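2 protein chains.
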Amino acid sequence: MVIIGGGFAGLYAARRLGKERAVEVTLVDRRNYHLFQPLLYQVATGALSPGDIAQPLRAILRRNGNTRVILGEAVELDPVARRITLSDEGTVDYDTLLVATGARHAYFGHDEWAVLAPGLKTIEDATDMRRRILLAYEAAEREADPVRRAEWMTFTVVGGGPTGVELAGALGEISRDTLRRDFRSILPSDARVLLVEALDRVLPTYPASLSQSARRQLEHLGVTVRTGTKVTAIDEGGITVAVQGDGTERTERIPTRTVLWAAGVQASSFGRKVADALGVQVDRAGRLPVGADLTLPGHPEVMVLGDLAIAMRHSGKPVPGVAPAAIQEGTYAAKSILAHLHGDTPEPFRYRDRGDVAVIGRLSGVADIRWLGRFGHMSGFLAWGMWLGVHILYLIGFANRIVVLIRWAWSFLTHGRGTRLITGEPHLPPIKRPEHL
Amino acid sequence: MVIIGGGFAGLYAARRLGKERAVEVTLVDRRNYHLFQPLLYQVATGALSPGDIAQPLRAILRRNGNTRVILGEAVELDPVARRITLSDEGTVDYDTLLVATGARHAYFGHDEWAVLAPGLKTIEDATDMRRRILLAYEAAEREADPVRRAEWMTFTVVGGGPTGVELAGALGEISRDTLRRDFRSILPSDARVLLVEALDRVLPTYPASLSQSARRQLEHLGVTVRTGTKVTAIDEGGITVAVQGDGTERTERIPTRTVLWAAGVQASSFGRKVADALGVQVDRAGRLPVGADLTLPGHPEVMVLGDLAIAMRHSGKPVPGVAPAAIQEGTYAAKSILAHLHGDTPEPFRYRDRGDVAVIGRLSGVADIRWLGRFGHMSGFLAWGMWLGVHILYLIGFANRIVVLIRWAWSFLTHGRGTRLITGEPHLPPIKRPEHL
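Sequence lines, in order, name chains A and B.
So for the first sequence, the working numbering puts the first residue at 9; every next one is plus one.
So for the second sequence, the working numbering puts the first residue at 9; every next one is plus one.
Just so you know, these hints were derived from the structure itself, not from any lab.
No experiment lies behind these values; they were computed from the predicted model shown.
Wrong hints could be hidden among the right ones.
A few chain B residues that face chain A, going by a derived Cβ cut-off under 8 Å, partial list only [said to hold, decoys possible]: (1) Met-9; (2) Gly-59; (3) Val-83; (4) Lys-129; (5) Ile-131; (6) Leu-401; (7) Tyr-402.
Example chain A residues on the side facing chain B (calculated, C-beta under 8 Å, incomplete) [as the list claims (entries may be wrong)]: (8) Asp-190; (9) Ile-194; (10) Arg-409.
Restraint ranges, calculated between C-beta atoms of paired labels, are given here [unchecked claim]: (11) Glu-244(A) with Arg-192(B): 25 to 35 Å; (12) Leu-124(A) with Arg-91(B): 34 to 44 Å; (13) Val-123(A) with Arg-321(B): 35 to 45 Å; (14) His-228(B) with Leu-124(A): 53 to 63 Å; (15) His-423(B) with Ala-30(A): 49 to 59 Å; (16) Glu-227(A) with Leu-421(B): 24 to 34 Å; (17) Pro-305(B) with Arg-189(A): 48 to 58 Å; (18) Asp-101(B) with Arg-189(A): 44 to 54 Å.
Glycine included, each C-beta is placed from N, C-alpha and C at the ideal position.
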């Protein structure tokens with residue numbers, strides 16, 4: 009059996025199946041590592057190194073003698089030959105196929121925004137974001153004109169979901185705490201961090217009271233939260249937004265040199281290939297609807313997992329595109345395959361929604377622990393502690409857990425962020441004019 | 009006063025001067041971080057993350073209120089106006105100037121080798137090397153032809169100095185230990201690691217007995233050491249070498265897909281600009297000769313430090329291009345400037361050669377502790393322990409020290425290397441042919 013994608017869904021399926029001698033597993037991924045995406049925003053904001061949140065797939069699965077890892081990109085699926093073609097023209101045959109290639113960020117039809125407002129799905133995305141944030145402060149430090157300086161010191165996060173909230177919180181912390189003493193011409197605390205959300209509240213999947221709490225906590229960190237505000241244009245010097253208010257809509261121009269995209273996701277392109285090959289209709293975000301056993305309708309040999317799938321809950325609501333759901337689906341897929349092997353019929357997939365948690369800077373955050381009902385709505389320190397524990401627990405690789413804990417402890421004690429490196433080209437501040445110091 | 013370059017020499021000068029209110033310091037660097045270059049080979053071989061061995065200059069110097077850090081590349085020097093021009097056309101005026109822009113790797117006139125045999129001076133170099141090493145194993149795993157597979161599994165390090173020896177030792181360890189269980193079609197321990205050195209022994213600056221010991225320790229790790237062997241050509245499929253023997257020379261072709269360059273260094277290009285502007289003759293490697301007080305002849309306001317300088321020892325031998333020498337020169341420069349400020353004449357610079365130490369894989373290495381004379385020639389475990397202590401001691405940033413220690417302890421216990429990520433483009437194995445798995 010073949011698994012495409014070593015994210016949460018694919019990796020947890022592979023780990024579970026790797027213990028069974030009765031199956032042969034081939035895991036195909038474009039990258040040679042599993043990435044712990046929920047902490048990617050910490051790489052983008054200089055708190056962690058890429059190596060802290062990524063672990064080589066071969067290392068994770070080395071003890072599974074029945075498992076082969078292939079570094080390759082799946083590009084075609086032949087449902088008759090049951091064969092996957094890779095971008096280098098290699099092929100892999102399957103009897104059972106798990107497709108878990110996930111999602112990437114998307115710009116709602118504005119692909120030209122990609123170069124202006126980077127998203128956050130890969131390590132390269134995160135180091136690119138980190139470079140832009142740090143170079144903006146460097147440019148501000150050397151900018152004599154106060155208007156242009158203010159543009160460099162305005163950071164805009166588009167999208168008020170968990171990633172956007174956590175990014176904005178980290179940016180607030182950077183300006184107030186981390187960089188406080190680092191510059192001589194600017195006060196980093198003068199930086200303006202904007203969080204722009206089209207809906208009427210941040211964290212729209214949370215209870216309304218927690219959205220309000222998150223907003224207050226963000227504002228406490230100096231973040232300006234603009235809800236009911238939709239980005240309509242982005243250029244090098246700023247963004248244009250449509251602001252809702254009292255049934256009217258007005259247009260506003262916001263000068264800002266750094267725009268970070270945390271708004272939309274879209275299924276990975278291989279999902280479309282699978283859908284076309286197997287005659288499945290995808291939804292607007294390119295996701296594939298699956299049955300109660302996570303297989304594609306009419307194709308019991310193909311399961312779709314994680315962010316690429318639309319699985320339905322008993323309540324009729326879709327399973328959300330979050331890491332715990334992907335982990336549960338991956339584990340379910342492995343158990344389901346083993347059940348079939350033993351001649352059993354697997355139970356339908358049942359998503360256990362344990363809740364949501366988001367961190368907002370230092371010692372604060374929001375959490376919604378579902379099984380506690382209203383008592384599970386937490387804010388501030390408690391939520392922060394819960395976030396910390398959950399993320400360390402799920403972070404794969406024992407050394408990584410300790411390293412991350414130490415970096416966090418160190419950052420916490422010193423208000424510092426050790427890995428604020430500007431890597432890749434260009435390294436120099438994005439200003440090009442004569443200047444005298 | 010202005011310091012160009014935030015390496016060991018520039019940073020130690022800045023740190024020392026940062027405590028004095030009587031001076032104003034401007035530190036200019038192309039990067040926003042200080043890089044601990046002696047551990048760069050560990051990033052190239054997946055043992056450490058870039059963030060573990062780099063620390064933002066602003067963070068290191070944040071408490072020095074008299075110090076300004078500029079992210080910029082010095083490109084011109086006007087000795088009359090005493091002005092430095094940056095690549096973005098900004099300028100910085102100096103009264104006293106410390107030039108410490110270091111060296112980069114060089115190909116002895118074969119610049120076309122740069123794309124075939126990457127050197128190891130920057131973080132980008134190190135992640136490039138890491139990518140090539142890991143992709144070679146990935147390609148070998150998917151290669152059916154035994155001849156081509158052997159080419160992918162031959163790793164050649166050019167240059168038997170400390171960097172070459174440490175790289176080759178790490179490559180030996182990777183093949184024997186780290187990747188042992190990671191693949192299904194290849195045995196990583198079948199990999200061939202070649203260390204090619206034109207002179208008749210490795211570590212030529214060490215006592216001959218330690219060179220022999222280093223060779224034995226490398227061979228114990230499975231490294232083939234080829235001394236008296238000079239690289240004359242490099243292409244995508246291998247290298248051509250001229251082999252000395254019994255007064256004759258023969259040519260040999262070695263098929264190898266991965267060539268790592270640890271042979272030559274050359275002064276950074278800004279050094280030439282300084283030399284031309286101030287009428288100084290550089291040596292073949294582009295370095296500038298300095299007086300006993302490390303100033304340029306005829307220019308008491310300009311000091312040249314670190315790998316860019318040729319400073320002479322009392323014995324008439326040049327100070328070597330190593331980190332301890334750069335640190336001593338940086339500290340001396342700061343003290344010298346302060347002495348002048350107080351109307352004193354500084355003592356001439358005196359290099360304290362405490363010795364050399366190189367690590368060769370696990371629990372082994374060579375050390376030459378000068379003040380112990382012949383008793384200071386150490387091999388194996390003792391040398392390894394000394395290397396560990398010295399490197400942790402000088403690594404800047406307290407969190408980094410702990411993180412590096414933990415990664416090392418973890419690697420030591422598990423024989424693993426946690427940060428073997430293939431980042432940057434391309435991520436896929438460099439093979440392009442049909443294949444069936």
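Here is how each hint holds up against the structure:
A hinted interface residue such as Met-9(B) counts as satisfied when its beta carbon comes closer than 8 Å to some beta carbon of chain A; here the least separation is about 13 Å, so the hint is violated. At a threshold of 8 Å, the smallest CB-CB gap from Gly-59(B) to chain A is about 3 Å, leaving the interface hint in force. The interface hint given for Val-83(B) is violated, since its Cβ lies 11 Å from the closest Cβ of chain A, which is over the 8 Å cut-off. Interface hint status for Lys-129(B): violated, as the beta-carbon distance to the closest one in chain A is roughly 14 Å, over 8 Å.
Satisfaction of the interface hint for Ile-131(B) is found here, the shortest Cβ-Cβ separation to chain A being roughly 6 Å, below the 8 Å cut-off. Annotation: interface hint on Leu-401(B) violated; nearest CB of chain A at approximately 18 Å, more than 8 Å. The interface hint given for Tyr-402(B) is violated, since its Cβ lies 17 Å from the closest Cβ of chain A, which is over the 8 Å cut-off. This hint holds: Asp-190(A) has a C-beta 4 Å from the nearest C-beta of chain B, less than the 8 Å allowed.
At a threshold of 8 Å, the smallest CB-CB gap from Ile-194(A) to chain B is about 12 Å, leaving the interface hint violated. Interface restraint check for Arg-409(A): the shortest CB-CB distance to chain B comes to about 10 Å, outside 8 Å, so the restraint is violated. Our hint of 25 to 35 Å for Glu-244(A) and Arg-192(B) is violated, since their Cβ atoms are close to 49 Å apart. Between Leu-124(A) and Arg-91(B) the Cβ separation comes to about 36 Å, which falls inside the hinted range of 34 to 44 Å.
Between Val-123(A) and Arg-321(B) the CB atoms are about 53 Å apart, so this pair departs from the stated range of 35 to 45 Å. The given range of 53 to 63 Å is respected by His-228(B) and Leu-124(A), whose C-beta atoms sit roughly 55 Å from each other. The hinted range of 49 to 59 Å is not satisfied by His-423(B) and Ala-30(A), whose Cβ atoms lie roughly 30 Å apart. Between Glu-227(A) and Leu-421(B) the CB atoms are about 46 Å apart, so this pair departs from the stated range of 24 to 34 Å.
In this structure the hint that Pro-305(B) and Arg-189(A) lie 48 to 58 Å apart at CB is violated, the actual value being about 40 Å. Checked against the hint of 44 to 54 Å, the pair Asp-101(B) and Arg-189(A) fails, with Cβ atoms roughly 25 Å apart.
Hints 1, 3, 4, 6, 7, 9, 10, 11, 13, 15, 16, 17 and 18, counting from the list given before, are not met by this structure.
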